[in-house]
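Student: Sequence:
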Amino acid sequence: MTMSWVARAKEAILSVRTPQPIDRSAESPKPVQWSVLPPLRAAINEALTGSPDIHPATQAIAKPDHLQRYLVVADAAAEADEIGAAVAALAPVADAAIRSLENHSTWMGAVESTNPTAIRYDAVFLSVSETSPKVDDLLRWVGSSLETGGLLWLNTREIAETSATVDASRLLETILVHVPHRWRRPGKLQTLNPTRNRATATDWITGLLRADFELISRRSIGGGLLGPLVASGAISGEMAGDAEGGEILRALYRVEQMLIQRGEVVATDFITIARPRSPVRERIRQAFEAELAPLPEVATTGISGRLPEWIAFNLGDALTSARAADHAAPFPPTDLMYHTTGLQQDRDFAQHGADILTALSAASPKPLGEFTSMLDFGVGVGRVARYYKGFSGRYVGADIDEPNLGWVAGHLPWVETVLTEPAAPLPFEPATFDGVVSISVFTHIDRETTEFYVDELYRLTRPGALLFLTLHGDQALNLALSDAEVGRLIGISPERLEQARGELAKDGFHFAEQYTHLTRTNYRYGTTFVSQQGAEAIFGRRFSVVGFVPGAIHAFQDLIVLERP
Numbered sequence: 001m002t003m004s005w006v007a008r009a010k011e012a013i014l015s016v017r018t019p020q021p022i023d024r025s026a027e028s029p030k031p032v033q034w035s036v037l038p039p040l041r042a043a044i045n046e047a048l049t050g051s052p053d054i055h056p057a058t059q060a061i062a063k064p065d066h067l068q069r070y071l072v073v074a075d076a077a078a079e080a081d082e083i084g085a086a087v088a089a090l091a092p093v094a095d096a097a098i099r100s101l102e103n104h105s106t107w108m109g110a111v112e113s114t115n116p117t118a119i120r121y122d123a124v125f126l127s128v129s130e131t132s133p134k135v136d137d138l139l140r141w142v143g144s145s146l147e148t149g150g151l152l153w154l155n156t157r158e159i160a161e162t163s164a165t166v167d168a169s170r171l172l173e174t175i176l177v178h179v180p181h182r183w184r185r186p187g188k189l190q191t192l193n194p195t196r197n198r199a200t201a202t203d204w205i206t207g208l209l210r211a212d213f214e215l216i217s218r219r220s221i222g223g224g225l226l227g228p229l230v231a232s233g234a235i236s237g238e239m240a241g242d243a244e245g246g247e248i249l250r251a252l253y254r255v256e257q258m259l260i261q262r263g264e265v266v267a268t269d270f271i272t273i274a275r276p277r278s279p280v281r282e283r284i285r286q287a288f289e290a291e292l293a294p295l296p297e298v299a300t301t302g303i304s305g306r307l308p309e310w311i312a313f314n315l316g317d318a319l320t321s322a323r324a325a326d327h328a329a330p331f332p333p334t335d336l337m338y339h340t341t342g343l344q345q346d347r348d349f350a351q352h353g354a355d356i357l358t359a360l361s362a363a364s365p366k367p368l369g370e371f372t373s374m375l376d377f378g379v380g381v382g383r384v385a386r387y388y389k390g391f392s393g394r395y396v397g398a399d400i401d402e403p404n405l406g407w408v409a410g411h412l413p414w415v416e417t418v419l420t421e422p423a424a425p426l427p428f429e430p431a432t433f434d435g436v437v438s439i440s441v442f443t444h445i446d447r448e449t450t451e452f453y454v455d456e457l458y459r460l461t462r463p464g465a466l467l468f469l470t471l472h473g474d475q476a477l478n479l480a481l482s483d484a485e486v487g488r489l490i491g492i493s494p495e496r497l498e499q500a501r502g503e504l505a506k507d508g509f510h511f512a513e514q515y516t517h518l519t520r521t522n523y524r525y526g527t528t529f530v531s532q533q534g535a536e537a538i539f540g541r542r543f544s545v546v547g548f549v550p551g552a553i554h555a556f557q558d559l560i561v562l563e564r565p
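Residue numbers (full-length UniProt numbering): 1 to 565.
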């Protein structure tokens, strides 16, 4: 039976509780990293590639500047004390890594630039020394890469003035006496004494952190005994791969930690756990706005309050005040916004949603906030759904486009998202909804699919339910014929539009199939025109038509209001 990737990762972690042998014969000495990173690196490589060898994506971790950068989706909920304990010995490190892998997906790679990224992480493991270039830029980049509440695990490699406290002879006497002769490389000791560094090194890196991070825990994890000795190559890397040698190294490491805690050995390696502070502009904004007048009541009631005030709040304060924006819904990223609506600005997206909501409210026999179970059929990226913040009932967003649904699910928590398939039964029980909103769905499907969804919506709505559907009718067709830009935007030639006018007058329905469409799912897509008479015939087969508003949406799309008998 094939092992799951989590099981394989566990096995890999357990197999590298001590570092693997390192052949230093053909290269200049490099520091050995005594922290959480090597076991995790091997485990993740094993999980991703089936081999504990370094994955190509992590080859850059041993650059000459010793700047090592790791991004790992790990356990951001871990307590600071648990994190500190995890780096104190190799076995606890492995246990902590296993716990993280059980509950979180994991990815690792080397960061090649400090440019902002759209990816957000629960934890970032970062190893730097005070000589690393542009550490302040790197820390700002890390802050922008973390999820809210995410943790930075900073392993700080500082070159302290250890020569004044620990010299080579003391090291030789206190450590090498415990190392069997076969692993000793005493000829390497000429590189042992570290270069003197400015005494402010510790304060310098901590100061950089404090500008943008809240420090949770800081403790020393390495110092003037084992680290310099191993880094110098005076102890063979093969020792770590041997059972007896690994046990000796772990014992020496524990002794070093004890001496550091007593203050008898200078620490040169620190672990700092920190969370990003809110940006300076955010703190300034909070300080100023704390003195401002309270926000209007509608900021907390949302759509359950007075709709005109809620719309005005979204188009006014929520676009100009960060404090007010916290009480409105977020906006989708530009690529998803453009993909579904052709819009690229938050203000335009908010205005479109407000226009639609205003039209729905004007045509509805009852307030929109009084429905108990609403289906947004074709939710997209929440152009309408984002205004339903504060809705006291159930709001379901259904769509065939998985990326859109993924964004809605992650950013509009009041929306229950459901992935559907084109022209397939909708995954809901009969008589589930008392309200349905469908914007720009029946404007793009053929007659057969339209008839199919009429039956489906009848099945899943309750008696007395109200449905609000938009259509392309005579007004949209006439505008496309008279305005070349509108015709270009909908992608239909003037000849096809003339054909549509003829068929619309004849039987009230015309479907112009197109070969490009605004969805990632392949199905028969086009632009559909339905006259009022045609719409009443098609939808009236199952529903009572209680309203029809030509050009209700931006003087272009018609709105038909139906009631389930």
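Wrong hints could be hidden among the right ones.
List time: in silico SDA-like cross-link candidates among lysine to any residue, alpha-carbon distance up to 25 Å [unchecked claim]:
#	residue 1	residue 2
1	K506	P463
2	K506	A424
3	K506	R462
4	K366	Q345
5	K366	E448
6	K506	G464
7	K366	R524
8	K506	P422
9	K506	G547
10	K366	L343
11	K506	F548
In case anyone wonders, no lab produced these hints; they're calculated from the structure.
Student: Hint numbers the structure violates, sorted upward?
Tutor: Hint check: 1, 2, 3, 4, 5, 6, 7, 8 and 10 fail, others pass.
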